[in-house]
Amino acid sequence: MLRPRNRAHPYLMLAPTLVLLVVFFILPLGVAGYRSAFSWDLLTPPRYVGASNYTRLFASGELLRTLGTTLTFSLVVVIGSMLLGLLLAMAVNRPGKFVGFIRASVFSAYVVSWVSVALLWMWLLDANAGVVGRMFARLGIGESGLLAGPSTALYALAGVTVWKITGYSMVIFLAGLQDIPGEMYEAAALDGAGSWGRFWNVTWPLLRPTTAFVGTSSLIISFQAFDVVRVMTQGGPAGSTSVFVYAIYEHVFLNFRLGRASAMVIVFFCLLMMLTLLQLWAWRLGQRGFRER
Amino acid sequence: MAVGSEAASVSSAVRRWTLNLVLLAVALVWLGPYVWMVLGSFKTLSDFLQAPLAPLPSSFQLGAYRSVFQAIPIGRYLLNSTVMALLIAAIQIGLALPAGYALAKLRFVGRPMAFVTVMACLLIPAQVTFVPVFLMLAKVGLVNTMTALVLPFGASALGTFMVRQALLYVPDELIEAARMDGASELTIIYRLLGPMLVPTLVSLFLLSFVFHWNDYFWPLVMTTDETVRTMPLAVALLREQGTGVRWHIVMAGNVILSAPALAVFALAQKHLLRAVAARR
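Chains A and B are the protein sequences, given in the same order.
Oh and the first sequence: position 236 is 236 in the working numbering, straight run, nothing missing.
Oh and the second sequence: position 140 is 140 in the working numbering, straight run, nothing missing.
If you're looking for bench data, these hints aren't it; they were derived computationally from the structure.
Cut-off 20 Å, straight-line C-alpha distance, at most; resulting in silico cross-link-like pairs (SDA-like, lysine to any residue):
id, chain 1, residue 1, chain 2, residue 2
1, B, K139, A, V22
2, A, K97, B, K270
3, B, K139, A, P45
4, A, K97, B, L24
5, B, K139, A, G30
6, A, K97, B, N20
7, A, K97, B, R16
Same shape as in the complex, but just chain A (with noise of 0.2 Å):
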């Protein structure tokens, strides 16, 4: 740690940052928790309304409902990127050309604009001109497409999420199985471990933090679903695809109802500290994990 040269240079160091910062993100929710006690449509001047914002969400069930989905999506999107990411990652965990192009194939979708995957799978998922959408049509699920059935859309949203962020988890996985020492297997080995036995009494328990990460990581990514909803279904069919934040854009954008909208950021950003917390939580693990070995 050094002196600074100018008691002026710190301040001056991280003025443009932390003006920034707090002009665009801290300011905005302080702005939006303030918002949220008005009833306003821009049109004619905010009405103060005090809680009603709040009481208004959850007494019309949209809360709920908006939370319900968000969780349904959010729950199919861990529970199979993470198994799928999982089984990858020990799969491909030795060094080689082979598994090396397999892992840059799972991983490429991660980075291709969800834009890209959200067009590229409403095609595919068609039901007259996509492959996949027949196939499905011809199990007899989904004949008149599955993102246009109110009981299929979400699964089919959270399907294609599900094949973008797999690469993902894969990558976090995969790092964390080449931090486990290589001895732990051979002591288990001697011991008579099967690769089953090898799994449980090895890899689950010495991966958990990874496990937990990669779980809340994944839950924040879900929970932020925007994009894959705008381009493929606009919430619908019958509003069966209203995730929490294309609700608050339909209330800001379409409804004019930025009392409510903001109400709805500052719940939803409530929830997002819990499950930040809880990937601090995990992070913790992991580093604690990490000094133990």
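Mind docking chain B on chain A? Use the hints.
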């Protein structure tokens, strides 16, 4: 014994080949859609009407690409996206260096407070801030400008944190020596420490560039006309235009949209994978 071990090696070979076949199927699930997209972009409307599911076009036609160029000013959107993503990444690096330096190396009143402020911003996504920011920028007439797309992301909490972490490993003596030689603080930050932090800065650049090139949410919210509209928005609009969905045209646009991101990935694969894995 010999027979037993032979059987074991045969069964392990069978297992290895089964695994490889499964992995090949995995590659097909992830790469197949791209191949399908590229092939689809060479089709014509009559291909789609006659045999929508045929893998190959009846003949490779560039008509869909021509239609994309006629339907939308794609050159402008490509330029907008490139300028936006490059500007954001450059400003983030330019600002993260001095901020990270102050946080990692200088003793001053309020340092913990400044650090907490930066870290707190890691928790606030654009989905939470867009309503007030949109209204604020609308009030000063900045909607539909490059400023509205770039300025809110000029400071990166993640970038500042990455630079600060990397600088913790740089010995103080090095900076003291440079000061003794008469180097100014700016020289120390940009000329001495900048080059030492190239791996961190490359990670930051890649994460930032790919994220903002791909970003749909912010440009969607901050633009209402085509002046500064970016690629993801334009290609998504391509589907909403016209009567009936013309998948060959949408896929041609999609090829143009995803090619740069995939090219960056192909060129900097190792680095990008490391940058993502390092964030855990």
